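J.: In order, the protein sequences belong to chains Z and E.
Under numbering that gives the first Met the number 0, think of the first position of the first sequence as 0, with each following residue one higher.
Under numbering that gives the first Met the number 0, think of the first position of the second sequence as 0, with each following residue one higher.
Take these hints with a grain of salt, some might be off.
[Unchecked claim] Here are the simulated DSS-like pairs of lysine-lysine, each with C-alpha atoms no more than 30 Å apart in a straight line:
hint : chain 1 : residue 1 : chain 2 : residue 2
1    : E       : Lys8      : Z       : Lys408
2    : E       : Lys116    : Z       : Lys408
3    : Z       : Lys165    : E       : Lys117
4    : E       : Lys2      : Z       : Lys408
5    : E       : Lys60     : Z       : Lys470
6    : Z       : Lys115    : Z       : Lys165
7    : E       : Lys141    : E       : Lys162
8    : Z       : Lys354    : E       : Lys141
9    : Z       : Lys236    : E       : Lys117
10   : E       : Lys8      : Z       : Lys470
11   : Z       : Lys354    : Z       : Lys470
12   : E       : Lys2      : Z       : Lys470
13   : Z       : Lys442    : E       : Lys116
14   : E       : Lys8      : E       : Lys60
15   : Z       : Lys219    : Z       : Lys266
16   : E       : Lys60     : Z       : Lys354
17   : Z       : Lys181    : Z       : Lys442
18   : E       : Lys8      : Z       : Lys354
19   : Z       : Lys236    : Z       : Lys408
20   : Z       : Lys408    : E       : Lys162
21   : E       : Lys117    : Z       : Lys442
22   : Z       : Lys354    : E       : Lys117
23   : Z       : Lys470    : E       : Lys162
24   : E       : Lys60     : Z       : Lys260
Bear in mind the hints are in silico, worked out from the structure with no lab data behind them.
Note that the structure is a prediction, hence the values are computed from the model and not measured.
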Amino acid sequence: MFQKILIANRSEIAVRIMRTCREMGIKTVAVYSEADRYARHVLEADECVLIGEAEPGASYLRVDRLIEAAKETGAEAIHPGYGFLSERAEFADACKEAGITWIGPPGEVIEKLGDKLIARQIMQEHDIPLTPGRILEGTNIDDWKTQADELGYPLLIKAAAGGGGKGMRIVRESSEFASACKMAASEAKSAFGDDRVYLERYVEEPRHIEFQILADNTGKTLHLFERECSIQRRHQKIIEETPSPILDEALRAEMGEAAVKAVQAVKYVNAGTVEFLFDPSTKEFYFLEVNTRLQVEHPITEMLTGLDLVRWQLEIAAGKELPFEQKDLTRRGHAFECRIYAEDPANNFAPSPGKITYMKAPSGPGIRHDSGVYSGYDIPMYYDPILAKLITYGATREEARQRMLNALKEYVLLGIKNPLAFLIDVFEHEAFIKGDMSTHFIKQHMEDWQPAMPDEDLACIAYVLDELLPKGAAGFTGTAQQAEGTPSPWQTLGGWRIGQS
Amino acid sequence: MFKLNLHDKEIAVDFERQSDDTFRITIEDRVYDIHAHRLSANHLYTVINGTSQHFYTHQDKGQKEVSVQGRSYTLEDATQGKRKRRSGDGEAGASLNPPMPGIVIRVVANEGDQVSKKQEMLVMSAMKMETTLRAPFDAIVKKVLVAEGDQIMPGQQLFELEKVEAEGQADA
Chain Z
0 MFQKILIANR SEIAVRIMRT CREMGIKTVA VYSEADRYAR HVLEADECVL IGEAEPGASY
60 LRVDRLIEAA KETGAEAIHP GYGFLSERAE FADACKEAGI TWIGPPGEVI EKLGDKLIAR
120 QIMQEHDIPL TPGRILEGTN IDDWKTQADE LGYPLLIKAA AGGGGKGMRI VRESSEFASA
180 CKMAASEAKS AFGDDRVYLE RYVEEPRHIE FQILADNTGK TLHLFERECS IQRRHQKIIE
240 ETPSPILDEA LRAEMGEAAV KAVQAVKYVN AGTVEFLFDP STKEFYFLEV NTRLQVEHPI
300 TEMLTGLDLV RWQLEIAAGK ELPFEQKDLT RRGHAFECRI YAEDPANNFA PSPGKITYMK
360 APSGPGIRHD SGVYSGYDIP MYYDPILAKL ITYGATREEA RQRMLNALKE YVLLGIKNPL
420 AFLIDVFEHE AFIKGDMSTH FIKQHMEDWQ PAMPDEDLAC IAYVLDELLP KGAAGFTGTA
480 QQAEGTPSPW QTLGGWRIGQ S
Chain E
0 MFKLNLHDKE IAVDFERQSD DTFRITIEDR VYDIHAHRLS ANHLYTVING TSQHFYTHQD
60 KGQKEVSVQG RSYTLEDATQ GKRKRRSGDG EAGASLNPPM PGIVIRVVAN EGDQVSKKQE
120 MLVMSAMKME TTLRAPFDAI VKKVLVAEGD QIMPGQQLFE LEKVEAEGQA DA
């Protein structure tokens, strides 16, 4: 096993990876930009190395600086986390060249799966279902109509030369096809200078369902069940859960098998996620893409299976074989995750940087909090605004939902705008309670959300009492105190390298 | 008696202190009998009409942020005079105050333009996102103070606006 690992990332994921390293007796090296000297991941590492200026391009995306930092500290392996360089083949290759173990799939696998066209081709060759589509042949609109009828409705007409919704039309009936096609083509022509269009099956209420996979060096590939991530906003996930309320055992087995097959096709190693689009009206699923890294929402799979995915990533990278089979993997209960971002859901989710003046996360059985911040922390504005993830686990979906609701109500986060009240409203929503969701959920139910003010009287009472009960006396200082359980920079300042500023 | 401003709503709060830790607070015709104990600078434990409540508070200059049951409320003392609004501050979604340091991508409103409340005036980039700043009220743009590519900071004035008063509109 490795003696020392460098984590090429920041915030909550770096903190989470380092926790497993510590548990395994592995020394940790954090890297930081000038904006992150007192970021939580730096405070908790055994060693830290300054790698550049605040802008990610000058620091967290610098392959050369990261390799240098690993060499300087003697780190034997690098864990890239998620985002940043985690899905860049060149980083994986650079590690290999420098004799540093890359914790993830090999560079050529990352490259193949990173190219959407190549990935889809590979899936097609291996009979993994793709979104049914049709490249229009010929020039006769009647021929096209026949092809459209063959594909089936509803369908999407898409521009071949570009995206962003231009040249895109939904067609629900055969009779609408001809005119919709003409409009799409002319729109495509003016947007991209190319009037070619193609057809794709349109899923009305799609559900985003992904499968976690784990593969070792012998080719043994297993899936660790699914995660449903349908509660999204502008393609950014907000809430994830497992198991998916819509899948039955047969579907689960079928999709799990497809996921395993998909990554085996490229000789995948280590952890990854296969994303599918699920059409509840036809119970069909279509391959979307493979994420060749650990995902943000991996904790809910950990709650469900009892496995530490980061630990298995390290074991596989160190050459260990998976000691269990697919049949040995069981799932128990239900888990939810809420992503806590520094954003204001009442103001179009505008980012809300600033200082966390006071923070107190909930705790208790079945509650997990993966945090990258602490009370008193100044959130820099250069990076992804994720602060923490709140995860709950229960014996049933309803139990886990109630646990999350209570945990959200106990969560205190002052000084910045945050989505806690928004998340509470989602978890109390009738449709959510029924498990009735698609990727349109937020749009359908939470558009123009504004916080309710049910406790105005209590808020006023709090104000008055805060004024009347002095802070100055009996040892309470006037400044924000550290909430229990969060590190104070003054208590946890780790080692640093002499000679580095 | 406190006169509080809670998200632009004025609320009168009457109180009677009966001992170090017991109070009677009245809001309109609702009466609350309270036992309160401070646990830390930010944390108050109370029992209100028989039910316990935890309050978390943080004071930032003239404003107090309060967390009750997972929801945040921002209050201030209404008797301190109307809060001085920074230039261009308006309702949620209509503010010309940069929410964070960033770069101007596009100046949409020009000198001499008449803009209406919430109209798009400037697009800035920060924290990997594009944010649109909108007119806080109906106005005429007297002067544009920034240009594409400029770095802007919270509290910085971006435009000189002359407010267009509609009939019966209260002064901000």
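J.: Each of the hints needs a verdict: does it hold here or not?
T.: Okay, the hints, checked on the actual structure:
1. Lys8(E) with Lys408(Z): 24 Å, holds
2. Lys116(E) with Lys408(Z): Violated. Lys116(E) to Lys408(Z) sits at ~35 Å, over the 30 Å cutoff.
3. Lys165(Z) with Lys117(E): With Cα atoms ~26 Å apart, Lys165(Z) and Lys117(E) stay inside 30 Å; holds.
4. Lys2(E) with Lys408(Z): OK: Lys2(E) and Lys408(Z) at ~28 Å, within 30 Å.
5. Lys60(E) with Lys470(Z): Within the cut-off at roughly 15 Å; holds.
6. Lys115(Z) with Lys165(Z): Since the Cα atoms of Lys115(Z) and Lys165(Z) sit roughly 20 Å apart, the hinted pair holds (cutoff 30 Å).
7. Lys141(E) with Lys162(E): Holds, at roughly 10 Å.
8. Lys354(Z) with Lys141(E): Since the Cα atoms of Lys354(Z) and Lys141(E) sit roughly 35 Å apart, the hinted pair is violated (cutoff 30 Å).
9. Lys236(Z) with Lys117(E): 28 Å, holds
10. Lys8(E) with Lys470(Z): 27 Å, holds
11. Lys354(Z) with Lys470(Z): 21 Å, holds
12. Lys2(E) with Lys470(Z): 21 Å, holds
13. Lys442(Z) with Lys116(E): The given pair, whose Cα atoms are some 25 Å apart, holds under the 30 Å limit.
14. Lys8(E) with Lys60(E): The hint holds at about 19 Å.
15. Lys219(Z) with Lys266(Z): Measuring from Cα to Cα gives roughly 10 Å; hence the hint holds.
16. Lys60(E) with Lys354(Z): 14 Å, holds
17. Lys181(Z) with Lys442(Z): 29 Å, holds
18. Lys8(E) with Lys354(Z): 26 Å, holds
19. Lys236(Z) with Lys408(Z): At roughly 21 Å apart (the allowed maximum being 30 Å), Lys408(Z) and Lys236(Z) satisfy the hint.
20. Lys408(Z) with Lys162(E): 41 Å, violated
21. Lys117(E) with Lys442(Z): 21 Å, holds
22. Lys354(Z) with Lys117(E): 28 Å, holds
23. Lys470(Z) with Lys162(E): 43 Å, violated
24. Lys60(E) with Lys260(Z): 60 Å, violated
Of the numbered hints stated above, those contradicted by the structure are hints 2, 8, 20, 23, 24, listed in ascending order.
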